[in-house]
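Let's have the full structure, built from the sequences with the hints guiding it.
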Amino acid sequence: MRMGMKPHIAGELAWLLSRGPCGRRGLARATGLGEIVVRRELERLERLGFVALERRGTRLTPRGREEFAPILIGIKEVKELQLRELALDRFTLGAALAGAEATKGRGLPIPSWRLRDLAIREGASGAILMAFSGSRLIFSDSGEELSARNPQDGALLRESFPGLEEGDLLVLVSAPERKGAHLGLWRIIIELLLLH
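In terms of my numbering, the sequence shown opens at residue 118 and continues consecutively.
Hints are supplied without guarantee of correctness; some may be wrong.
[What the hints assert, rightly or not] When the alpha-carbon atoms are kept at most 20 Å apart in a straight line, the in silico EDC-like pairs for lysine to aspartate or glutamate are as follows:
| id | residue 1 | residue 2 |
| --- | --- | --- |
| 1 | K296 | D234 |
| 2 | K196 | E276 |
| 3 | K193 | E276 |
| 4 | K296 | E308 |
| 5 | K123 | E152 |
| 6 | K196 | D206 |
| 7 | K193 | E282 |
| 8 | K123 | E160 |
| 9 | K123 | E308 |
| 10 | K193 | E308 |
| 11 | K193 | E283 |
| 12 | K296 | E197 |
| 13 | K123 | D234 |
| 14 | K196 | E282 |
| 15 | K123 | E183 |
| 16 | K296 | E152 |
| 17 | K196 | E308 |
| 18 | K123 | E163 |
| 19 | K296 | E194 |
By construction, these hints were calculated from the structure, which means they are not laboratory data.
As the structure is a prediction and not an experimental result, all values here were calculated from the model.
This is how it looks when you write it as structure tokens:
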């Protein structure tokens with residue numbers, strides 16, 4: 118993977134562009150990043166042949182789809198959430214990851230505390246990882262069922278991510294700013310889907 122120093126920024130932009138062409142301002146709004154950061158990253162991705170900058174917006178090229186295939190296949194959904202008890206800060210983002218892609222059938226490839234540390238280094242306040250097992254969301258650290266501990270948030274997450282299947286992972290990242298939540302979440306996603 119030749120994505121440079123910040124593969125999580127490139128990964129998020131590629132995932133957003135896989136849904137259709139988008140302009141620089143729209144990408145900046147969607148990610149919480151500044152327009153200059155987005156512009157630089159798009160220019161770098163264009164030099165690599167992964168995106169095409171066009172009048173109607175930037176689009177992911179076939180070469181980009183191939184390069185980012187693990188992300189495009191492995192991510193089921195990403196969304197901003199309004200949780201009651203599980204929110205660790207002002208902004209919380211969640212991502213549902215296809216279990217087979219994220220864990221390669223072996224469970225988490227690295228300890229969840231290490232993934233949490235990666236998110237914190239990107240400006241997040243914290244991260245929570247859960248697995249979907251036996252039609253239940255289970256905390257990856259303790260093995261405890263979410264609905265037993267936080268029934269309201271458990272119901273909201275099941276409603277927000279209705280396509281969860283056996284073995285899927287749910288990653289929640291909170292931060293005081295939208296940018297930190299995005300960077301932290303995508304740092305974990307890249308670690309799970311591309312680097313391990």
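Here is what the structure says about each hint:
1. K296 <-> D234: holds (17 Å)
2. K196 <-> E276: holds (12 Å)
3. K193 <-> E276: Holds, at roughly 14 Å.
4. K296 <-> E308: With Cα atoms ~18 Å apart, K296 and E308 stay inside 20 Å; holds.
5. K123 <-> E152: holds (16 Å)
6. K196 <-> D206: holds (16 Å)
7. K193 <-> E282: holds (10 Å)
8. K123 <-> E160: holds (14 Å)
9. K123 <-> E308: holds (12 Å)
10. K193 <-> E308: holds (16 Å)
11. K193 <-> E283: Holds: K193 and E283 sit about 13 Å apart, inside 20 Å.
12. K296 <-> E197: Judged against 20 Å, a Cα distance of about 12 Å means the pair holds.
13. K123 <-> D234: holds (16 Å)
14. K196 <-> E282: holds (17 Å)
15. K123 <-> E183: holds (19 Å)
16. K296 <-> E152: holds (12 Å)
17. K196 <-> E308: holds (19 Å)
18. K123 <-> E163: holds (15 Å)
19. K296 <-> E194: With Cα atoms ~18 Å apart, K296 and E194 stay inside 20 Å; holds.
Comparing the model with each numbered hint stated earlier shows that all of them hold.
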